[in-house]
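Peer 1: If you want the building blocks of each chain, they are given just below.
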Amino acid sequence: MSRDFLAVELAPADGFEPRWRSPLERALRDAPPGIRDLSRTGKLHVHGDVGAPPGVEVVRVAPDRALVLCAAADVERVRGELGERVVDMSAALAGLEVRGERLMRRLADLDLDALPAAGAVAHVPATVLRDGDAFRIFFPQEYADHVGAVVLDAAAGLA
Amino acid sequence: MSFLLSCPNCGPRDVNEFAYAGEVTSRPAERPSVRELATYVHFRRNVAGVQQEWWFHRFGCETWFRAERDTRTNAVLATEAAHAEPDGQAAPAEAAVPDVPAV
Amino acid sequence: MRLPPSPEERIDRSRTVTFFFEGEPIEAYAGDTIGSALFAAGRRVFSRSFKYHRPRGLLCCSGHCPNCLMQVDGAPSVRVCTAPVREGTRVRSQNVLGSLDRDLLAVVDKVGGPFTPVGFYYRTMIRPRRAWPYYERFLRRVAGLGTIDKHARRSSRFDTEHRRAEVLVIGGGPSGLDAARAAARDGRRVVLVDEGLALDAQLPREDGFETIAPARAIGIYEGGLVPVDAGDVLLRFRAERVVVASGAIEQPLLFPGNDLVGVLLPSAVRRLTRLWSLRPGERAVVITADDRGLAAAEDLRRAGTSVARVVDLRTTQPAQMAARGSHGRVRSVSVDGDSVDCDVLVMSGGSQPAYSLLAQAGARVEYDGTRGIFVPRDLPPHVEAVGSAAGEGARGAAAVPAASYRGTESGGRCFVCICEDVTDKDVKRAIAEGFDSIELAKRYTTVTMGPCQGRLCHLPSIRLYARETRAEEATIGTTTARPPWAPVRLGLLAGRGHEPAKRTSLHHRHKELGAQMMWTGEWRRPHSYGDVAAEVRAVHEGVGVIDVSTLGKLLVSGPDAVSFLERLYPNRFGDLKPGRIRYAVLGTDAGRIMDDGTIGRLSERDFYVTTTSTGAETVLAWFEWWNAVWGYDVSVDNVTGALAALNVAGPRSRALLARLTELDVSPDGFGYLDAREARVAGVPCLLLRIGFVGELGYELHFPSPYAEYLWDTLLERGADAGIRPFGLEPQRILRLEKAHVIVGQDTDSESNALDANMSWLVKFDKDDFVGKWALEHVRERGPRERLVGFEMANGTVPPEGGQIVVDGLPAGRVTSARWSDAVGKAIGLAWVPPALADEDSRIEIRVDGRLEPALVRLRPFFDPDDERLRA
Amino acid sequence: MRDIFRTRRMWRPRGELKDRYDVVIVGGGSHGLATAYYLAKNHGITNVAVLEQSYIGSGAAGRNTTIVRSNYRTPEGARFYQRSVELYERLSRELDFNLLFSQQGHLTLAHSDRALITMTERAEVNQLLGIDSRVVGPPEVARLCPELDLSHDVTWPILGALYHPRGGIIRHDAVVWGLARGADRGGVEIHPYTEVTGIERSNGRVTGVRTTRGDIECDTIVSATAGWSTLVADLADVRLPITTHILQAFVTEPLKPFLDVIVVSSQMHVYVSQTDRGEILIGAEIEPYTTYRGTSTFPFLEYSARHVLELFPQLENVSVLRQWTGLCDLSPDYSPILGVTEVDGFVVSAGWGTYGFKAAPIVGTTLAELISTGRTPELIAPFTLERFYTDTLVSELAAAAVSH
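Protein chains in written order, with my numbering: chain A, 1 to 159; chain B, 1 to 103; chain C, 1 to 871; chain D, 1 to 404.
Don't take every hint at face value.
Unchecked claim - With a straight-line Cα cutoff of 25 Å, these simulated PhoX-like cross-link-like pairs (lysine-lysine) come out: (1) D:K41 <-> D:K18; (2) C:K110 <-> D:K256; (3) C:K425 <-> C:K110; (4) C:K428 <-> C:K110; (5) C:K425 <-> C:K577; (6) C:K150 <-> D:K256.
Please keep in mind that the hints were generated in silico from the structure rather than gathered at the bench.
Please take these sequences and the hints and turn them into a complete structure.
Peer 2: Below you can see the structure in the form of structure tokens.
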């Protein structure tokens, strides 16, 4: 068996048209500008040494483990290129982007000058990346409603 | 508590990000007597001083490592990523990972 | 009445603010505090004391003492001397029966006072025993200070912010500013926080470092954590270096009448006169051990208060000193028999470094005999003290013996601790009774345990104690300084109060269907959709679907996967063929059951492991832990959230599935305990043919973003087959009919697999597995209790947690019990003594205080031969 | 009443150590002093010294949250603590010292149906043993504690509670002082600021102790040292299955009393009571790591505040005044280790976790009986150290989430 049951990006088949739904869709419905849903990002757990195929970001979590991010459409290709010890975690992790250091500081006790890093965000385990003023946060999707509520609430406190 | 532990992968973090799993203990190499098994399962040194202990970075990299900590001061003298001891000299403790509130 | 405007004053006379005191409007100026405005309005009594209900007036005007605690907009015990006036604020007095000026409970001071020496309650109301609850009720009525609205909800917004600083300076006085500037010059990232209580000096906003005010450090905790109370935001600072510039606290003097209204510390004089242009009184006496008192005398003169006498204790050592009052207000002061009328008495016993933050951080506190103060020593690494907090320039009343002044008249009480109404006599009595260590004396007298947290009573009490025990202050030690440095509101500590909760991808669908939700660990799950019996029936007779996405799901892969799992579990997996599933129980080396689930083999080196709903993280950590030691070549990934899971169960489940997949779902093509990969309604699924609920059924595991789609599709396409979603409660009944165990409910932290009737999965012939030795010992000694099924003789459903009773005593317990329509009986699982663990053994279960008979059953209650399950 | 006005010493000033005592008790807390008191009172054994490294009641006895109850899960535990509650009920009169025992009831909240099962089990066991303990539904909870937030739009709605009417709070310091006075009047010597540094043995039995104030000969040593139990046992080469953890608590500024019943939520790791002084007293679970460093932590304040406000939102503007920490020694099954060890004459009272203070009088009476008669009283037989070697644990663990 092949673990294809973890694949998120589907082509319609057998006359069915499966509809993808983001875990954050409801939680971010009334999100202010600057908060974006990144849940559809491709996310892969890689064990062992990790190369970096083009078009991917590698967050090394431990010496023998990494979170690889890529475009959703590229997951299949990247999975192939990364070798055997790869698990597609695209569906496991929700993702969102927030803007502003102040907002991020209300979500996590992380050193924002030392990102990317894994740590607690809104009291749940997460991986955080930084691009200037923007922060991408990936976390277990079952916490999506909780994290979404915390982020919106924190943003409201700063508004 | 809020002392800091230096995760070998993630660097210094508040202790509440981690799960504590007790002293590093020794699993018997062969079938123990009832008494030896009890000693292994239930008894710890509980020193007031430096001890070797297990930690799991629950809210971070999710890896196990060992720390050398002075239980009188909570000063963490060293941390080291766990390394395999296939003969089982060091063994996980009996307790399941405790429920620690996150920061 | 205000003094003429001065350039120094902090009030803006062009802007008035109106607030309410006891319902009456009070006009204040912008820049006033509630305390200054009330003083301007003529109020002199601000509170009633804790025990004796003595009138108390402004004393420090610095937010230290308990004398101005009031209810402000419902919040109890607000120090109004530092609380800014706001339009419409409602202020009330507290701990008063009647009014501040006429408190009926003041009778305690007159009558009860002499009758209530320290520790009196330990010696009274012991007999008769029945009287104590009444007495206690009275005590509880008069205890406490502020009140709260019992029915109030949370109404304020408090946020938490995580901050970092290379250097955090606490205190914006001259030393703090110097330290901040110096560190900033060195290129450090510096933040300075200031309480903003030093209202007399406007804090400069400077380049080079950030200033936060008003903000108060709550404590210096381990790991450089310095939480800061910034009003409605809690700033959790992580600082590499902490500079404490918290200054010094003015100390009172001990003499009879030292708590009368009108007795002021120098800071109160300075602030009343300079910041708020108020005249403290008409005629003053100043008694001082340092220059602060002299400066206060100057301030008083400038404000038009005549200063009748100044006693400088550094040059004069009176033998007798006492303040006398009427109606609680100071009227005269006598020094060595020479009485002077006054309505203001300024006392200054020097100043004590505010070392609490340093002591909490781990510094030692040492008595400096030459200066008569405690100073911090042996600071922990990364913490330093500057300015008067470090002892610079601070000076106590070293030369002045504590409480050496006896009044000429009787009845004047000398207060060591105004928060708790503890007098010098109380302290002396405690010592005489044998409370001969300072910590014991503190606990007995409660000195330092009140709202000022020892700021005004710690030094005087220790000096008094030293004098009375004829010991050196330095040898007495101190009481422990405990955080927080200043009272901090629960709301601020709590922050926004969000608790993490897990939801499955179908959570909103369940709510839309009217499910009653319940907790399973961090998860919310449907209890049922409103009709438990119908949901059970649907599974027995047609088809039902339950969301089992909460199951923990782990992928275990690698060349050593078999060896790894065989060493963790008592089961064997080497003989498990790809595409097959096995039930497995995880144990500890103590032989205790930890978790359970199914393990499916996907390929030679890939296994799919499920855990209980609450077990995923624990089991993952457990796997990783053992492998940190063993070093097998396997990797473990937690795919719990990646995959939603539905159990489609019931005699019609096969037919429904056949409509949605091209997979061969015939009994031969897809048998019991088989695993298959296939598309269902176009979604790639892992299908497991397992049957926790006891009917033909399929677990579909598939990418969670498609959960709603697949759920909707199943309900739509199964409508004609009568498909019904079912919740946890129907599932519990269904599994109980099959006597299937729920780990964590039917087992507990002491249960082992043998006593729980799972010996069939324990493979003792394996070389090693976790728990093997313990289970071998259990096997050798025999069971101590057994998990069995039972059916009630008369249909009563016993409570879960109910007791099996033998000879009137607890001998076992019911772990699960339900009425089953399908069986037509009340059935359950229970732990019973081995002697009662045989088929047809009669046991007695306590139900509503009666003993109800039941019979032990060792086989499933429903479909005992699994014919329906394996269909 | 006359006694109120007379100043009488509670106990004699500390004297010199004698060369020899029949019994040396290590630890001047509630257990050590209770044992000394009952040795003198019940058995006439008065050549006894209580050695305390600091001041009496400086450890767990003076830092606990003063709750007394007997609604335990195991029959062994429930029976034992029930005797303790009965002794506590009489103790004020016996000691002629008001311990301010306030039996206003104890409510353990259930926020899940799993918790309700555990509570039912406890209630059923308790009732079989004659202990007043029962499961009550939300309406009864509302009647017993109208201040609780019983709404459903909270993180953890209240589904019911275990109600124990005779549970209560007692003034912990008064217990220490009353017992110390009683022991002193019975002839026992109390030696504060006297630290034990060694335990002398010969032929497998104790012969004496070394202290910072000199050496003492004795026949029996009782270790009653809460968080330091294993360190004292190490001196006798006795191993105990114990780890040392901190337990934290805090009080708010005093409020006019409004909360009579004790409210416990194990789900939220918090328990709340109001003292006779009006302070709201809030405690938590032990910290999960071992430590001897008794410093308070801030995250404890944060999560406790969060949880308290879930139960009592009206406390939002009430301020925390003081937090503190004590050491607890935790046994694997959350039951105590009580009685003889493999070294003759070395008797322990240890492994109490967060339950020790509740047991002071019953520990005192049973250990005194053990020392006097040489026989282990039936009530404490299940709690021997030996049980860990024979795998006959007395597991309070299933109820462990409910440790107060």
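Peer 1: Where does the structure disagree with the numbered hints, that is, which hint numbers, in rising order?
Peer 2: 5
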